[in-house]
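Chains as they are written, first to last, in this note's numbering: chain A, 1 to 390; chain B, 1 to 163.
It should be emphasised that the hints constitute simulated quantities derived from the structure, not laboratory data. We put the CB at the ideal spot given by N, CA and C, even for glycine. Accuracy of the hints is not assured; some may be wrong.
To spell it out: a stretch of chain A is covered by chain B in this simulated footprint if at least three of its residues, at any positions, have a beta carbon under 8 angstroms from a beta carbon of chain B; those stretches are [as the list claims (entries may be wrong)]: (1) 38 to 50; (2) 227 to 235.
In silico lysine to aspartate or glutamate, DMTMM-like type, Cα no more than 25 angstroms apart, as pairs [unchecked claim]: (3) A:Lys314 to B:Asp142; (4) B:Lys141 to A:Asp341; (5) A:Lys314 to A:Glu52; (6) B:Lys39 to B:Glu87; (7) A:Lys84 to B:Glu29; (8) A:Lys231 to B:Asp78.
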Amino acid sequence: MSESKTVTLNMGPHHPATHGVLRVVLELDGEKIVNATPVIGYLHRGIEKICESRTYQQILPLTDRLDYSAASANNLGYCLAVEKLMGLEVPKRAQYLRVIMAELARIMGHHLWLGTHALDIGAMTVIFYAFRDREMIMAMNEEISGYRLTPSFIRIGGVAQDATEDFIGKVRKFVKWFPPALEGYHQLLTENKIWTTRTMNIGTISAGEAVNHGLTGPSLRGSGVAYDVRKAFPYSSYGDFDFKVPVGEKGDVYDRYLVRMEEFKQSINIIDQAIENLPSGPILTDNPWVASPMQSEVQTDISALIRRFMINYKGTPVPGGELYSAVEGAKGELGFYLVGDGGEHPYRLKIRSSCFYLASALPRLLVGHMVADAIAIIGSLDVVLGEIDR
Amino acid sequence: MDIKKAVDALSRQCPDCVQNLADHNGTCEITVAAQSFHKVMETLHELGFDMLTDVVGIDRMPRAVRFDVIYLLLSTRDFSRLAVRVEAAEGEDVPSVSGIWHSANWGEREVFDLLGISFSGHPDLRRILMWENFEGHPLRKDFPLEGQDFDKPFDTETIKDYF
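Bound conformation, chain B alone (with noise of 0.2 angstroms):
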């Protein structure tokens, strides 16, 4: 499929919503609004891009719009790549795909769980890689590399009540 024409299509299905068009080093990529994405991933799934790659996010911490989340879409039958971006302020909600593609449940539990993205409408938002009573998002540019509790003393305690 032409990324031009697939773009154009979807220009033609929902006006106005494609906020920004770029290239990145040979793949392209669209920047769509949080109120239109979930119509825009729709269309995008009926012009073809039947696999849904990888869920990126990304914390640009002193930014107003704090974050932004990629979702890289590809296409099986001709094998073109698209981008979409999303951004989301802190404690806003990203409308969630995993009804679309179902390899979004997992990645976007990853964006949630590393960065403290909340997902509306997905079916199992919960931690996936760090455990359940963790407390903080490691991937945000504000956690500290060595953990929360590097300078704290190791306490048996309350490693107690993890158990």
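So here's chain A without its partners, still in its complex pose (with noise of 0.2 angstroms):
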């Protein structure tokens, strides 16, 4: 009688379908899992700790390197926090472009998402149509704030500049474009009899385990709980657009494919119906705190000169208080902890990521699959490593 041996693999921090620096110590009993263990932190930056001496419009740019991939949903979320915390009213046409700038991020998250998940499953050519539509998306971000993929478009009390002409001419073909480029996606996937066969009943969560494990934002949705920031808890004037919130039902890697595929369409619709509607006002609230001067009053107005300066170098005290501000980012609730002191500085800002608590899942789904199946639930989990590790 043969004895039953394991043997540990190392898959990471190096190696290209863990989508980042995530390493996953597997224990194999042949090609079965038997046991996994995430090891996370290989790009921790201390953005925590950071923030604590930064001013509040400084920490901006850092938020766009938590989930990188959907920079301007970072944001906003931390914009919304300090808002709260000072009691600021953000104008309707600066609530609008945030819409649009957070769907945009989120379809291109999810294009990153839909590329690399079946490039490691072996279908290859859908990275070249999800990245060529999202190119499409970058030349926006290009065009609206000059970065292509940290836009830190969204600034606090606002955004930092109107949206051009060209911006919106190119956001109207966008909408155009982009439903028959997704049916094109679904021609090459959805019913492909190899896709399904390798997606379908892998790494199956039931939505009561799913919300145990913490898990947010689309994968907890592939497991049937309707659960979704915007609708449940509506910022940003969420609550003008019409919208469904996709859900699956078995929660295995093929439902959570299908419920992405669905806010691609649904984010399409929201930008289509913020485009539109977009109001005509102001782009930035009249708190002199936050406002920073336009540059030709600054050229004109000692004034607004000294005001640009103590905005920039001194910041913007914000009252004390605590209070907890969460935002659907594209890979799930992505949630700003936020306490001052009165002074130019958080006294903490702690940041909830999702992608953290998907990680925490991954022992839980992998055990009993073979190796290839642990790319295919790592790839539909969608995580990001720059806000897993901050």
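With the hints as a guide, bring the two chains together.
Here it is, written out as structure tokens:
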């Protein structure tokens, strides 16, 4: 009689299918995973510690680098937390522009997920189509903010600049272009026999377990729980738009895939409504402590110059208090627990990372499957290490 | 779920455990003593708060009871939030709730790693973001921003010990 022996396989941190520097130590019995231990921290930059010594404005570009595949959504989450603590009212036009940017970011994040997830499983074509369309959103980011990946466009109290005619034209063109392109993705994968065999009944998690593990976003909705921060706790005028929250049934890799594919459509739907009903008006609050004066004012008015120096070098004082504010990022609930002490720096800023809890559920999802399925499961959770490690 | 009703039900089941009830910009927060903490969390889980969204640790350094640990709860049935605060002095343990919510496992590990608050009954209390031989807890207020060894010369011998 032969004795059963397990082999330890170290997957990552430098592995193309772990989407960053995630390391998973797998214990294998043949090809079967009997134990999995995720090891994180390889991308830890100490953002929460750095935040305690930066002014509220200086923190904004750091938030871009959390979930860098959908940066605008992080900006929005952070700005909402600060505005709530300051009691700022954001103009309607800025709110709509924020929604457009956040939804474009969600589509960008899902493009990256779709391309790499399919590539990991062996469907190589998809990434070229996904990145072709992602490039169009990059061009919009560049048009409105000057940056392609990390726009930092959403600022405390509003947005950085008004939308140009060119930007609005690009968005309108994309809204028309994208639904047929999405149909193309579906044709490549949804009924593809190899794809369904690799994804159906793989990495199944029930609704109760998914909630208990702290899963949020498309990964939770794949299990059939209709929790979406945009619907449950509407922010930034999301209540004005008509959109659905897609949910899955079984909670396997294929359901999570279908939920994200439907989210593409819903996001385009929201962008379409926002761009057609874009209100006119200011794009920044009139609170002098946060609204940095325009360049033309600074060059002609000494008080505006002084104000700009005060905002940029001293920072904006934010009243003391504590609050938790969350938004629906591309991967799930992205929350900011902000503790202010009345000064220009936060006393403590805790970032609730959705990917952190997605990765914590990996042992539950991986055990019992084959090594090749581990690739499909990690891809279906869509983790971004910038957000896990912070 | 009406938060008021939940808190009332909680005070019926564990009398005198809610020390303070506060409203933080729309989120209801209760403060609980460490002795009754685990029982309170079990009761809240039964009352419908089925998701533990996050665990937050705060260092209030000059204060006698140095740390705050805040557990953010959510009910996915009707989307109501509740925050539970428990205070811990330096060297004092907080009872772990990882037996109730699996997400507390990593959440508490992170607080332990970055702030050095220990959780009694945690199945796997190891560092999570920092590496194993790291000394100190970076999010404590007395930890220098530049790192502990910022003014020491780079020494290849000590680096070798890590590998």
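Going down the list of hints, with the structure as the test:
For the region 38 to 50 of chain A, the assignment as covered by chain B holds, since 7 residues bring a beta-carbon within under 8 angstroms of that chain's beta-carbons and 3 suffice. Using a Cβ-Cβ cut-off of 8 angstroms, 3 residues of the region 227 to 235 of chain A lie near chain B, which meets the minimum of three, so the contact claim holds. A distance of roughly 24 angstroms separates the Cα atoms of Lys314 (chain A) and Asp142 (chain B); the hinted pair therefore holds under the 25 angstroms criterion. At roughly 14 angstroms between alpha-carbon atoms, Lys141 (chain B) and Asp341 (chain A) fall within 25 angstroms of each other, so this suggested pair holds.
Of the supplied pair hints, the one linking Lys314 (chain A) and Glu52 (chain A) holds, its CA atoms being roughly 15 angstroms apart against a limit of 25 angstroms. Proximity of Lys39 (chain B) to Glu87 (chain B) is assessed by CA-CA distance (about 16 angstroms); at most 25 angstroms being required, the pair is judged to hold. For the given pair, Lys84 (chain A) sits about 17 angstroms from Glu29 (chain B) by alpha-carbon distance, which is consistent with the 25 angstroms threshold. Distance hint between Lys231 (chain A) and Asp78 (chain B) is fulfilled; the C-alpha atoms sit about 11 angstroms from each other, no more than 25 angstroms.
Hint violations for this structure: none, all hints satisfied.
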